[in-house]
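Chemist: Below, each chain spelled out in residue letters.
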Amino acid sequence: MSDKKKNGRPRHWWKTAVIIFVIFLLYAYGLQVTKVNLEEPLEPKRQENLVSLIRSLARPHLFDYETETRSTAVSIHMPCPEDIKASQVSIEGRSALMVPNCATTTQDRISITGDGFLPNADGLIGWRPPGADSTRRIGEFKVGPDGHLEITFTMPDIRATAEPQKLELVEIVNRRIIGLSDTTMEALDKIVETVLMALMASTIGTLISIPLSFIAARNLMQNVKAPISGIMSGVILAPIIGGLGWWLASGIVGPVLSENSTALASLQAGLSPLGFVGNFIFVIIELIILTLPLVFGLIGAFTALSVGGRFGQRMTMNLADAPNRALNIVTTVLGTAVLFIILAYSLTWINLLGIREFMPETTQAQLSMFTVPGLALGIIAGLLTLRRPARHHYPIGLLIYNITRNTFNALRSIEPLMMGFVFVVWVGLGPFAGILALTLHSVADLGKLFSEEVENIDEGPVEAVTATGANQVQSIVYAVVPQITPHYIAYIFYRWDINVRMSTIIGFVGGGGIGFVLNRTINLTAYSQASVMVIAIAVIVTVLDNISSQIRSRII
Amino acid sequence: MLKIKNLTKVYDDGTVALKDVSFEVPDGEFVAVIGLSGSGKSTLLRCINRLIEPTSGEIWWNDVQLSHISGEELRRARRQIGMIFQHFNLVDRSTVLTNVLSGRLGYVNPLASILGRFPEEDMQRARASLARVGIPDKADNRADELSGGQRQRVGIARALMQEPEMILADEPVASLDPALAHSIMRHLQQINQEDNITVLCSLHFLDLVQQYSTRAIALNEGKLVFDGAPHEIDDAKFIEIYGREAERIG
Numbered sequence: 001m002s003d004k005k006k007n008g009r010p011r012h013w014w015k016t017a018v019i020i021f022v023i024f025l026l027y028a029y030g031l032q033v034t035k036v037n038l039e040e041p042l043e044p045k046r047q048e049n050l051v052s053l054i055r056s057l058a059r060p061h062l063f064d065y066e067t068e069t070r071s072t073a074v075s076i077h078m079p080c081p082e083d084i085k086a087s088q089v090s091i092e093g094r095s096a097l098m099v100p101n102c103a104t105t106t107q108d109r110i111s112i113t114g115d116g117f118l119p120n121a122d123g124l125i126g127w128r129p130p131g132a133d134s135t136r137r138i139g140e141f142k143v144g145p146d147g148h149l150e151i152t153f154t155m156p157d158i159r160a161t162a163e164p165q166k167l168e169l170v171e172i173v174n175r176r177i178i179g180l181s182d183t184t185m186e187a188l189d190k191i192v193e194t195v196l197m198a199l200m201a202s203t204i205g206t207l208i209s210i211p212l213s214f215i216a217a218r219n220l221m222q223n224v225k226a227p228i229s230g231i232m233s234g235v236i237l238a239p240i241i242g243g244l245g246w247w248l249a250s251g252i253v254g255p256v257l258s259e260n261s262t263a264l265a266s267l268q269a270g271l272s273p274l275g276f277v278g279n280f281i282f283v284i285i286e287l288i289i290l291t292l293p294l295v296f297g298l299i300g301a302f303t304a305l306s307v308g309g310r311f312g313q314r315m316t317m318n319l320a321d322a323p324n325r326a327l328n329i330v331t332t333v334l335g336t337a338v339l340f341i342i343l344a345y346s347l348t349w350i351n352l353l354g355i356r357e358f359m360p361e362t363t364q365a366q367l368s369m370f371t372v373p374g375l376a377l378g379i380i381a382g383l384l385t386l387r388r389p390a391r392h393h394y395p396i397g398l399l400i401y402n403i404t405r406n407t408f409n410a411l412r413s414i415e416p417l418m419m420g421f422v423f424v425v426w427v428g429l430g431p432f433a434g435i436l437a438l439t440l441h442s443v444a445d446l447g448k449l450f451s452e453e454v455e456n457i458d459e460g461p462v463e464a465v466t467a468t469g470a471n472q473v474q475s476i477v478y479a480v481v482p483q484i485t486p487h488y489i490a491y492i493f494y495r496w497d498i499n500v501r502m503s504t505i506i507g508f509v510g511g512g513g514i515g516f517v518l519n520r521t522i523n524l525t526a527y528s529q530a531s532v533m534v535i536a537i538a539v540i541v542t543v544l545d546n547i548s549s550q551i552r553s554r555i556i
Numbered sequence: 001m002l003k004i005k006n007l008t009k010v011y012d013d014g015t016v017a018l019k020d021v022s023f024e025v026p027d028g029e030f031v032a033v034i035g036l037s038g039s040g041k042s043t044l045l046r047c048i049n050r051l052i053e054p055t056s057g058e059i060w061w062n063d064v065q066l067s068h069i070s071g072e073e074l075r076r077a078r079r080q081i082g083m084i085f086q087h088f089n090l091v092d093r094s095t096v097l098t099n100v101l102s103g104r105l106g107y108v109n110p111l112a113s114i115l116g117r118f119p120e121e122d123m124q125r126a127r128a129s130l131a132r133v134g135i136p137d138k139a140d141n142r143a144d145e146l147s148g149g150q151r152q153r154v155g156i157a158r159a160l161m162q163e164p165e166m167i168l169a170d171e172p173v174a175s176l177d178p179a180l181a182h183s184i185m186r187h188l189q190q191i192n193q194e195d196n197i198t199v200l201c202s203l204h205f206l207d208l209v210q211q212y213s214t215r216a217i218a219l220n221e222g223k224l225v226f227d228g229a230p231h232e233i234d235d236a237k238f239i240e241i242y243g244r245e246a247e248r249i250g
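So the protein lines, in turn, are chains S and P.
Quick note: the first sequence uses the numbering used here, first residue 1, plus one each step.
Quick note: the second sequence uses the numbering used here, first residue 1, plus one each step.
None of these hints come from the bench; they were simulated from the model.
Source: prediction; values computed, not measured.
One thing to keep in mind: the hints can contain errors.
Estimated spans, in silico, between C-beta atoms of each pair [as the list claims (entries may be wrong)]:
#1 S/Leu524 x P/Leu111: 53 to 63 Å
#2 S/Pro395 x P/Leu111: 25 to 35 Å
#3 S/Asn219 x P/Gly148: 33 to 43 Å
#4 S/Phe282 x P/Ser175: 55 to 65 Å
#5 P/Ser37 x S/Leu294: 52 to 62 Å
#6 S/Val22 x P/Ser37: 45 to 55 Å
#7 P/Gly148 x S/Val307: 25 to 35 Å
#8 S/Ile489 x P/Leu111: 51 to 61 Å
Built from N, CA and C at the ideal position, the CB exists for glycine as well.
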């Protein structure tokens with residue numbers, strides 16, 4: 001015993017051996033599962049394909065060129081005459097010799113040697129088939145530094161004629177950039193679209209996630225406690241007042257707004273030189289009309305929760321124990337039933353695990369079917385409230401915190417690509433679907449990052465401001481907001497940067513932006529165009545990354 | 001008049017921070033709260049303005065039972081009780097003026113204050129408070145640009161904005177050097193004597209207790225072990241308060 005401790009060396013060498021063996025097995029199995037194959041990549045055909053792909057990618061179609069060429073024509077016989085000869089031409093200091101000067105099959109090798117050509121020039125050999133309007137490219141050459149030229153080729157097809165045909169040696173004498181290529185223009189156009197997509201998604205995502213980040217912050221929520229009668233009164237009232245809000249918005253306010261928005265359409269026409277500004281106003285109004293029922297419904301529900309909470313609080317404070325317990329039981333029975341019915345109805349609606357097959361078809365029949373089990377559950381829950389003191393304050397804040405946090409985590413773990421796919425189905429191909437997908441992902445991501453920032457604040461100022469008699473909102477505005485603002489701004493820029501990168505991927509499922517074009521060019525095997533897109537993405541991501549890190553380092 | 005009856009605080013982890021503490025503080029007194037670290041001084045002060053929920057017992061403040069109110073009533077009571085802290089608890093990124101104005105949040109219109117608007121008289125009151133604690137020229141500086149002593153003065157100015165009847169001071173000088181400590185204590189003494197504001201101040205050093213307070217109460221492991229005039233703390237009492245291993249200095 002003491003010996004072992006003295007030299008400190010573990011005697012369990014066999015454990016190490018077993019661990020090494022297990023690791024060895026793991027990698028061996030991994031190799032098999034991942035189908036690592038070293039023969040395929042060594043095949044000449046594959047290597048050739050790879051080289052040609054890399055060469056296309058290395059030659060992005062960035063610019064349009066104007067080329068000045070000079071061509072030298074050589075005669076070729078098809079098929080070969082009895083007596084095979086060579087052709088020789090000599091024009092303007094150039095001389096070329098073609099051996100042989102004829103071809104009978106597509107396997108016949110023909111070689112051309114020349115001298116006096118422009119040193120280092122690129123060029124190609126063109127053939128004009130009999131009766132064709134244009135020349136066919138049958139080979140390329142590069143002139144040596146001494147003006148010497150050597151090339152061997154075969155004819156791709158043979159069209160026999162009595163007269164000799166012409167091959168042209170076209171050498172590129174001069175090459176000038178005359179402007180950006182169409183591909184580059186499209187890349188620029190789509191990069192702007194991508195950056196704006198990312199901007200919109202980041203902005204909307206930020207606006208939504210800021211309020212959510214407060215209810216996803218543990219330190220703000222853990223002190224939110226309420227008596228069960230308050231919580232349950234809120235739950236009972238929420239669908240009623242929320243539904244009222246929805247009805248008010250969709251039945252009364254919405255139609256009034258949309259009537260007036262037709263008047264705005266004429267305003268939009270008046271603003272035609274600034275069409276996009278008019279369109280912006282128009283879209284904002286449409287958006288308001290569209291989301292109004294939801295907003296009114298949510299406001300109604302939250303008002304109900306707050307009113308219910310206050311009612312419960314007041315009752316709990318003023319009632320004696322026995323009536324208090326009675327109130328707790330009644331509200332819990334009803335509240336649990338309402339929760340159960342809403343939950344069961346929603347699950348039926350999305351057809352979770354094919355549940356719809358077992359349910360009646362009409363909404364009314366479904367609701368009445370859920371009522372009995374809802375009430376039964378409610379009675380159990382109601383009796384459970386007796387286990388706690390009548391005035392017990394339940395940690396409702398922590399519950400809300402946990403639900404929000406876990407929703408964020410679940411949403412974050414869904415690939416934006418998948419979200420993009422869902423939104424493309426809903427709103428159609430194009431950047432709008434991309435914006436929605438990125439927005440949803442941004443809300444989840446920023447919500448979590450923001451709420452962690454709220455959790456990391458110095459609690460001292462909050463304590464101090466609360467002690468002055470400030471209410472909860474005031475203490476958040478005065479003690480929390482100043483502490484988190486710089487971090488929030490930094491995250492917003494960071495998110496914009498991420499959204500630009502993500503939107504290039506979302507384009508692959510039709511979510512607009514440059515990814516859409518990249519996908520198209522790859523599918524068309526137009527690699528030198530795809531290369532332009534890749535370069536554009538790399539440039540914009542690098543630039544934005546630098547800008548965002550500069551801004552972040554300056555703010556914090 | 002502050003009356004505390006049988007106050008007990010047990011934290012969720014089972015720590016008993018206060019055990020059956022009872023005492024009274026007539027208006028205008030300067031009461032020092034002494035005891036070792038962890039003896040319950042901070043918990044006691046925070047139970048009074050309900051930053052910490054007491055487990056049982058009663059806290060009476062001018063005929064209002066502080067331990068039984070909530071919401072609007074609690075905020076009304078809190079605004080009459082100023083508080084200053086060991087680590088000042090200023091909002092570093094806000095200006096000194098904003099920090100001082102936040103002492104007024106219990107009085108002003110909540111909506112206006114959220115938008116950053118305060119009545120003109122509150123702005124003047126804030127500048128007057130800063131002048132009173134000797135830093136009238138720092139109003140527009142950011143709070144984190146100030147030195148420790150200046151930061152605690154901002155803390156006092158913020159408490160004065162509440163027009164409090166009582167100030168709770170939680171080791172207000174523990175992070176300051178002795179010279180600054182005396183200057184801050186003199187400010188508290190001046191407020192106590194000129195404005196007749198009750199001061200309940202936890203302190204570490206007995207010389208400060210004897211120099212500034214009119215009365216001292218002592219806690220040991222959450223129990224009240226002494227209540228009397230500061231000069232009554234003799235060697236025997238000292239050992240009772242601080243334990244056998246403590247040595248009297250200063």
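Chemist: Take the hints in turn and mark each one as holding or not.
Modeler: For each hint, the structure was consulted:
1. Restraint check, S/Leu524 to P/Leu111: a C-beta distance of roughly 59 Å satisfies the suggested window 53 to 63 Å.
2. Between S/Pro395 and P/Leu111 the beta carbon distance is about 29 Å. The supplied range of 25 to 35 Å therefore holds.
3. Between S/Asn219 and P/Gly148 the Cβ separation comes to about 26 Å, which falls outside the hinted range of 33 to 43 Å.
4. Checking the proposed 55 to 65 Å range against S/Phe282 and P/Ser175 shows it holds: the Cβ atoms sit about 59 Å from each other.
5. About 53 Å separates the C-beta atoms of P/Ser37 and S/Leu294, a value consistent with the hinted range of 52 to 62 Å.
6. The given range of 45 to 55 Å is respected by S/Val22 and P/Ser37, whose C-beta atoms sit roughly 52 Å from each other.
7. Under the hint 25 to 35 Å, the C-beta atoms of P/Gly148 and S/Val307, about 46 Å apart, miss the expected range.
8. Range check, S/Ile489 to P/Leu111: Cβ separation about 25 Å, and the 51 to 61 Å hint is violated.
Violated hints, listed in ascending order, are 3, 7, 8; each of the other numbered hints is respected by the structure.
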